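Student: If you're matching them up, the sequences are chains A and B in order.
For the numbering used here, add 35 to where a residue sits in the first sequence, where the first one is 1.
For the numbering used here, add 2 to where a residue sits in the second sequence, where the first one is 1.
Keep in mind the hints are simulated off the structure, nothing from the lab.
Some clues are possibly wrong.
[To be verified] Per the computed footprint, the stretches of chain B lying under chain A, defined by three or more beta-carbons under 8 Å from a beta-carbon of chain A, are:
#1 71-77
#2 89-99
#3 102-109
[What the hints assert, rightly or not] Just a few of them, taken from the derived set where beta-carbon distance is under 10 Å, the chain B residues facing chain A:
#4 Gly51
#5 Glu52
#6 Arg82
#7 Val123
Since this is a predicted model, take the numbers as computed values, not measurements.
Backbone N, C-alpha and C define an ideal beta-carbon position, used for all residues, glycine too.
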Amino acid sequence: MTRAPEARDPLAMVLAAAAAIAWLFTGDFGKEVLSEVAVFAIFAMSLNLLVGCAGLVSLGHAAFFAIGAYAAAAFGVFVNLPLWTAMPLAVAVTAVAAAVAGFFAVRLSGVFFIMMTLAIGQMVYAFFLNSRAFNADDGMAGIGRVDFSFLGLDSGEPAVFCAFAVVAAVAVFFLLRMVARSPFGHTLAALRQNEPRLRSLGCPVLRCKLAAFTLAGALAGFAGALAAQHSGFISPDLAFWTVSGEVLVMVIIGGMGSLSGAALGAALVILLRHHLAGLTEYWVFYMGVLFVLMVLFAEDGVAGRFSWLLRKLHRRGKNV
Amino acid sequence: MFEARGLKKSYGALAAVRGVSLSAAAGERHGIIGPNGAGKTTFFNLLSGEAAADAGDVFMDGKSLGRLPPDARARAGLGRSFQHNSLFAGLTVVENFAIAAAQRTKLCKIFWRDFFACKEVFEEALDHAHRLGLGAQAHTRAAHLSHGAMRQLEIGLTLALRPKVLLLDEPTSGMSPEETAAIKKLIRRLPEELTLLVIEHDMDVIFDLASCITVLDYGEVLMQGAPAEVRASPVVRARYLGAG
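Only chain A is shown next, with the shape it has when bound in the complex (with noise of 0.2 Å):
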C-alpha cells in the first residue's frame, strides 16, 4: 500500500522549523508564548483523537486538563514529590479519571455525547472550585519546574523550559501519528465512518471509544502538567467548559483529522490572541470572525487547505 503524499506531513515540518526558529531568535516574552502554544498543541492533538479520529466531539475536555495540573500541583505540593516523579503520577490519575468519565461517556453517541463530557467538566470544575484542600476559588500558587540541574540547567529560564514543552510536544506528536496509523487508529476512523457496520464485525465498539477516551485525557492530563509548570499557578478556571470550547475551536480551526493541524490551531488561536489582544478590545470578536469564516469556507482547517495548496503547486510543477 501506498500513502498518499500528504501523509509526509509537510505541516509538521514547517512547524517544527517555525518553533525552532522562534526558539532561536525571540526573547523571553517570545520563548513564554512558545511555550504556551507548545503545551496547548498537545492539548489539541490529544482532543484530536477524539474528534477527528473517532469523532466523538467532547465539550469537557478541559477537565483532564485541569486534573493532570492539579495532580501534578499536588504531588508536588503536598507531597513534595519533584516534578519527574509528579508528572507521570498526575498523568496516571488522569487517565483513571479519563477511563471512569469515559465509562460513562462512550454509551452516549451525538448530542448527548456531547452533553455529558460537558456536564463531567463543569462536574470537575465545581469540585476544585469548592474544594478546601486546592484552595478553591483561589487556586494554587507557587509551583515548581522539573528540575534540570543534572544537565546543568535551570528550568526557570524560559529558553529551558520552552525546548522542554516543545520537545514534549513533538514526542506526543510521533506517539498520536503511530495511534492513528495503526489498525486500532484505523478502526476509530472506520468507527467514526460507521459504527454499526463495524460492530456487525465483531468491534467492540464501546471498548474502543473508551480506549480512545482514556488515552486523549491522559495526554490531556500531560499538557495540564506542563501548563501548571509554565505558570506556576493554578485555578479551577483550567476546567471551565469554555476551556474545552477554545481548544475545540483550535482543533477545528487547524483542520479536523490532523494532528499537525491541531497544532497549527493552537498556534494560530493563542498567537491571534496575544496579538489581536494588544490591538483591539474586540479581540474575541475578531476570532469568532475568523472562526465563521473557517467552519463556512474551509471545513478541512487551515490544514486542508495547506495540503490542497501543495497538491495544487505538486500538479502545476508536473505539468510545466
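Model the placement of chain B on the given structure of chain A, informed by the hints.
Tutor: Same frame as chain A, now just chain B:
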C-alpha cells in the same frame, strides 16, 4: 444448529414480530419470504442483536445469545449483511476488507504497528477482493463503486468475518439480472458447513437456493417447509405469490 425461539418485538402499538420460531441445521440454506412489512428485517435485527427482543431467545449450537450486543454475536460467529448497503464509504475495497479482517483477527487492538504495513490482513483482503470478483476495483473507494459492486462488497464484508451462521438481507435488491446471477454464484460457492438465512424478494433466487423456506406474514410464521411445498401451498399462493 441455529435456533430462534418465540421472538417478539413491538414498536409502540405495532407488533412487528409476534412470536417467530425457526431452526436451521448446520449447513442449511434457509429462505425467508413474505410481503413488505411482514417483519423480515426486524426478525433479522432480533437475531443479530441490532434490536432487543421483547421476548424469546436465539441459540447458536445450544448456547443462548440472550442479551448479547451485536458485536459479541458477531464474535460468536453470527454474520449479517444489510438490506441497505452499510459500508466504509471513504475507504477503498481492500481497506474495507482489511478493517473487517482486523476485527476478526483482533489486530484492531494493536496501536503501535503501521496498519498499511500489516501484510497479513492486506494480503487476505486483496485475496478476498479477487475471490468476490472485486479485484479490478480493489483500490477504488467504496463510495465510487457501482450499485452491484457495492452489494458484493456488502456481502463480502460479512464473509470476511468468517461466520458460522450468515444472515443475508435481500442480497440481490436493486441488481441487474447479470449482477443477480453473480450473487447467486457467490452464494452457491459459500462453504458447505455455513448455515445461511436469506431474505429475498426474487423468487427465482430463493426457490433455487433454499432447501427450506419460512413464510412470514404480519410478523408471524405463515408456513415452513421445502420449496416445493411452499410453492404448492394454496395459502401462500393466495397471500403472497399471487394466485395464477
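Student: Decide, hint by hint, whether the structure agrees.
Tutor: Hints, one by one, checked against the model:
1. For a cut-off of 8 Å, the count of residues in the stretch 71-77 of chain B with a CB near a CB of chain A stands at 6, and the three-residue condition holds.
2. Against chain A, the stretch 89-99 of chain B contributes 7 residues with a C-beta closer than 8 Å to a partner C-beta. That satisfies the three-residue criterion, and the hint holds.
3. Requiring three or more residues with a Cβ within less than 8 Å of a Cβ of chain A, the coverage given for the stretch 102-109 of chain B holds, as 5 such residues are present.
4. With its C-beta approaching chain A no nearer than about 9 Å, B/Gly51 sits inside the 10 Å limit, and its interface hint holds.
5. Because the closest C-beta pair between B/Glu52 and chain A is about 7 Å apart, less than 10 Å, the hint holds.
6. The closest approach between the C-beta of B/Arg82 and any C-beta of chain A is roughly 6 Å, which is under the 10 Å cut-off, so the hint is satisfied.
7. A cut of 10 Å between beta carbons decides the hint on B/Val123: the least distance to chain A is about 8 Å, and the hint holds.
Of the numbered hints listed earlier, not one is contradicted by the structure.
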